[in-house]
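Chain E: place on chain F using the hints.
In the order they appear, the protein sequences are chains F and E.
Using this note's numbering, the first residue of the first sequence is number 704, and each one after it goes up by one.
Using this note's numbering, the first residue of the second sequence is number 51, and each one after it goes up by one.
Hint data in this document are derived by calculation from the structure and do not stem from the laboratory.
Check the hints yourself; a few may be wrong.
[Said to hold, decoys possible] Distance ranges between label pairs, derived from CB positions: (1) V634/E <-> S1071/F: 26 to 32 Å; (2) L89/E <-> D1161/F: 26 to 32 Å; (3) F479/E <-> D1161/F: 55 to 61 Å.
For each residue, glycine too, the CB sits at the ideal point set by N, CA and C.
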Amino acid sequence: MNAMNWPILSLIVWLPIVAGVAILFVSEARAALGKTIALVASLVALLLTIVAISGFDMTTAAMQFQEKAVWIEAFSIHYHLGVDGLSLPLIALTALITVIVVIAGWAIRDRVSQYMGAFLILSGLMSGMFAALDAMLFYVFFEAMLVPMFLIIGIWGGPNRILATIKFFLFTFFGSVFMLVGLIWLYLQAGSFAVADLHQLPLSLNAQIWIFLAFLIAFAVKVPMWPVHTWLPDAHVEAPTGGSVVLAAVMLKIGGYGFVRYSLPIAPDGAAALDWLVIGLSLVAIVYIGFVALAQRDMKKLIAYSSISHMGFVTLGMFLTFAIVQNTGQTDGAVLGISGAMVQMISHGFISGAMFLAVGVLYDRVHSREISAYGGVANTMPWFAMFAVLFFMANSGLPGTSGFVGEFMVILAAFKADFWFAFFAAMTLILGASYSLWLVKRVFYGEVANDNVASLSDLGAREWTVMVVLAVFTLGLGLWPYPLIEMMEPSVANLVDHITTTKINP
Amino acid sequence: MDIKTILLLIPLLPLAGSAVAGLLRHQVGRAGAHSVTILAVGGSFALSAWVALQVFTTDWQVLNYTVYEWAVVDGITFEVGFLIDSLTALMMTVVTFVSFMVHVYTIGYMKDDPGYQRFFSYINLFTFAMLMLVMANNFLQLFFGWEAVGLVSYLLIGFWFRKESAVRANLKAFLVNRAGDFGLLLGVAAVLMYMGSLDYAEVFAAAPDVAGETMSVFGGIEWSVMTFICIALFIGAMGKSAQVPLHVWLPDSMEGPTPISALIHAATMVTAGIFMVARLSPLYELSGTALSFILIIGAITALFMGLVGIVQNDIKRVVAYSTLSQLGYMTVALGASAYSVAIFHLMTHAFFKALLFLGAGSVIIAMHHKQDMREMGGLARIMPITAVTAWIGSLALIGFPFTAGFFSKDIIIESVKVADRTGAGFATFAVYAGVVVTALYTFRMLYLTFHGKSRADAETLSHAQESPWVVTLPLILLAIPSLFIGWLTVEPLLFGGALSDAINVAAARDPLVHVGEHFHGATAFALHGFVTPVFWLAMLGVAIATWVYLFQPSVAAAVKQRLHPVWAVLDRKYFFDEFYQRVVVGGGLKLAGFFSERGDRTLIDGWMVHGSARLVGAVSSRLRTVQTGFLYHYAFAMIIGLVALVFAFVLLKG
Chain F
704 MNAMNWPILS
714 LIVWLPIVAG
724 VAILFVSEAR
734 AALGKTIALV
744 ASLVALLLTI
754 VAISGFDMTT
764 AAMQFQEKAV
774 WIEAFSIHYH
784 LGVDGLSLPL
794 IALTALITVI
804 VVIAGWAIRD
814 RVSQYMGAFL
824 ILSGLMSGMF
834 AALDAMLFYV
844 FFEAMLVPMF
854 LIIGIWGGPN
864 RILATIKFFL
874 FTFFGSVFML
884 VGLIWLYLQA
894 GSFAVADLHQ
904 LPLSLNAQIW
914 IFLAFLIAFA
924 VKVPMWPVHT
934 WLPDAHVEAP
944 TGGSVVLAAV
954 MLKIGGYGFV
964 RYSLPIAPDG
974 AAALDWLVIG
984 LSLVAIVYIG
994 FVALAQRDMK
1004 KLIAYSSISH
1014 MGFVTLGMFL
1024 TFAIVQNTGQ
1034 TDGAVLGISG
1044 AMVQMISHGF
1054 ISGAMFLAVG
1064 VLYDRVHSRE
1074 ISAYGGVANT
1084 MPWFAMFAVL
1094 FFMANSGLPG
1104 TSGFVGEFMV
1114 ILAAFKADFW
1124 FAFFAAMTLI
1134 LGASYSLWLV
1144 KRVFYGEVAN
1154 DNVASLSDLG
1164 AREWTVMVVL
1174 AVFTLGLGLW
1184 PYPLIEMMEP
1194 SVANLVDHIT
1204 TTKINP
Chain E
51 MDIKTILLLI
61 PLLPLAGSAV
71 AGLLRHQVGR
81 AGAHSVTILA
91 VGGSFALSAW
101 VALQVFTTDW
111 QVLNYTVYEW
121 AVVDGITFEV
131 GFLIDSLTAL
141 MMTVVTFVSF
151 MVHVYTIGYM
161 KDDPGYQRFF
171 SYINLFTFAM
181 LMLVMANNFL
191 QLFFGWEAVG
201 LVSYLLIGFW
211 FRKESAVRAN
221 LKAFLVNRAG
231 DFGLLLGVAA
241 VLMYMGSLDY
251 AEVFAAAPDV
261 AGETMSVFGG
271 IEWSVMTFIC
281 IALFIGAMGK
291 SAQVPLHVWL
301 PDSMEGPTPI
311 SALIHAATMV
321 TAGIFMVARL
331 SPLYELSGTA
341 LSFILIIGAI
351 TALFMGLVGI
361 VQNDIKRVVA
371 YSTLSQLGYM
381 TVALGASAYS
391 VAIFHLMTHA
401 FFKALLFLGA
411 GSVIIAMHHK
421 QDMREMGGLA
431 RIMPITAVTA
441 WIGSLALIGF
451 PFTAGFFSKD
461 IIIESVKVAD
471 RTGAGFATFA
481 VYAGVVVTAL
491 YTFRMLYLTF
501 HGKSRADAET
511 LSHAQESPWV
521 VTLPLILLAI
531 PSLFIGWLTV
541 EPLLFGGALS
551 DAINVAAARD
561 PLVHVGEHFH
571 GATAFALHGF
581 VTPVFWLAML
591 GVAIATWVYL
601 FQPSVAAAVK
611 QRLHPVWAVL
621 DRKYFFDEFY
631 QRVVVGGGLK
641 LAGFFSERGD
651 RTLIDGWMVH
661 GSARLVGAVS
671 SRLRTVQTGF
681 LYHYAFAMII
691 GLVALVFAFV
701 LLKG
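The following block holds chain F by itself, in its conformation from the complex:
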């Protein structure tokens, strides 16, 4: 199945990790060296994902570029990597965002080599998690990832970072314990940790419901879904800019990925039985969290809540299938919903990353995240204001930007499932625009509010670079989502086929 004769996925996973570990030992005095290694390694990893995409067969749902080796024979745990249309785009997103945070972190003064090292290691672990085809390997990456993020917030974070890291850690660890128990139980049934085997494992409805719930807790925390979301605003507020960018752009996607790779295919009947729960929580996320975002005074908190609200579209889109089948008797619209959810994940990676970088641009200059500390920034930073308006408009789902694509697809699919799903989901048109553009009004428009704003200087070359890159992706995906959707379609269609077939033991 491997179209290439060399282990490209392993390189994508391990190159950043090895480079990252190496940089950890670069002394403060030679920070430039550390930064250069980080940039080169992240660019090479990005290049490798581009090679993988260009060699990717878009016509099949099969796993590609597979690598398999025995890891722990006693439990038939394998080092097994492979990608399909669901995971490859997320790996590419991870590689892109890593380059962005490396560039954006260039001016960090405190322990810069270790900072870069932590991000590279984190990047490799996340790619590994997306590429893993062995559940235990997935779990190891899933947990290991916590460590660098924990350190990033704990070392380079804000004044309340300890509380935030503990909350972050407890929530996610709490969730993953249930998943581990679920995986072990599945292993005892299947005698294998191979994802493909678990997908085929017949299970009683009861068992599926328990497995589904165990995974739900783990993934719901990661997404995050209401009501296990409160760790996210705290983590964002305390995280350094790069940490927030990775957290929002990539780490939140792990939950959504978990649903399509594990929950849905392993326990489809359980998911069908409990789809109302996930859909309900998704709609609460979209509407309730949309209101909560409106009340925020801290820019990072506002964007964090906006992220939770946008992730509601991801979980909504993924769980529409069963309601669509029930309402219309056929699966038309199911692929639309799940594809929309997947596009939303990629798009949110660009947009939330860009918004956190924008807050970082202001924070670096004024050292405040409070909306009220600003006003009239467009007077002194006109180019920056242009990018900010673009990204906040994208966040409010403006057609022509990537923010529109996923939401549009999910709302169209939701209408097929139930009018009210679409009704509440579409409220994001008003709520998303309200909190996004109200922030723009308060921060960017109006007279120059104070001396800090008066003394602002517009974007530097490094800031320009990251803004332009993200703007290109945001607009590109908005104007022509065709290639991304084409890449995903066979895998999504395969998933829909799989989950609409019962797995209950005869």
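Chain E in isolation, oriented as in the chain F frame:
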């Protein structure tokens, strides 16, 4: 050149112009920016006019094709594509012509503004977005154009972003439009669900089969699918075309520079809703309920917004309320199934309303950016070209026979009279009464601005002069069609079937069939126009305005005092703004605060999260010795824990 290349160039020229003027603003400078953008929109106009010529004078076959595939998923093809028929050709020409005029005018109007290049970039971008909207052959692109013009409108209303009132107005405009788009999006979703496509042609073909279907939405009540779709889509039109109760953003949009009030908030963007309903007439014809709804909403807007126009003192606001009222007339025509008449009025209105706005702008330049008519008067002597063109625009607006507005408005009234559906009686009353109101506010504005004694202070007056040619030339070029376009085009457009490849109403339901029985050529129709009740109603309005504002200024004050409660209601615009501000905005923010404080902080974090944390804390206090406070110790402990788990599991299994 290949026709498809030409069609592609029409929207892409202004897009390119916008990019150059906006992104290279320092490199190209002021002259560079206006040259590039004017060339772009001028080229776009020339090509549009050429296309229109082909469409209307040759044996044109409707062109419906895909430009590129946006996405293919789940068996649905989403695409960007063009549908070029008579309706599109007409809209393209109107849009690019008015835009062209406004571009030229802007050189004069914005000459001292530091955001000169940015302004040209925005209006070029607007032209692109509006063209994409009218050229669309599917709902996806319609929605794209729809929101894109909304974006540019937002940017332009807030063009002077230092001004608090401007950035308040642009946020309001965007959000009110989003409330409409909420309906539009649900309508589009329903179209996809029931017709299986977003392509106009496929949807129209599938629509008759869906006409009988029902859907259950509100607690078991069965709705006709077609009625739901049509009303949901129309809610979008109510936002964009500022129909009551989603009209509140349009008067405030006057905070933007005057050229865009003319282009976006009078001639083109606000008519997008009218255009959409006309474009989708095959759907609307299938729902009498939706048409009645449209008829009533339009009638309310036409009459009651006109009334508010009478009490406005800001010259731009008079024209803005006039726009609302005229959009109401167009909506009434739609509701009466007279789609082509609505489009006809859209076109004539685009010319004379752009003219009136640009004329108001010319006055505002002369008055040094004062807009209050109470400080004007007697300007006709100082700025004759502006005054004469304003008179022409005003005569067209009140529907004086032979002017462009006469033909379109008269036929709307005739169509409503013969329309046979719920609400037609009220609508007929509203459009008749609206004639008096229109004449009254229009001539009040003319007299207060151009005639009588000057009330301006000496300082302002000493600087007042006729505007430069870049301002007056567009006025003249718009005055010509304001006079003649109706007389020239009424017969082919309405009775000659020039729009029949886009708008086709069954003869039994088509009010134009009845109107056509009394139509014997444009000249005869206009001559007959002098003896109709509509004409005398208009003259009544003119007479009242003349008496009160030219000869007896004291009467206005007396009436205002005598009818104070009525005046107050009009002055406060029926309290819509107060309602939205207190109930919707205030309520929304209260809810937001409540969810944030009580929901997230107290309930979830306070009770659930920290509550369980305290519980865990109590249990684990015995283990406190392990806690050292060093992060890497925790990290290390995590890995140990992980290994221990795996190990425990090994033993279990073994």
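Evaluation of the provided hints:
1. V634/E <-> S1071/F: 26 to 32 Å: 31 Å, holds
2. L89/E <-> D1161/F: 26 to 32 Å: 30 Å, holds
3. F479/E <-> D1161/F: 55 to 61 Å: 58 Å, holds
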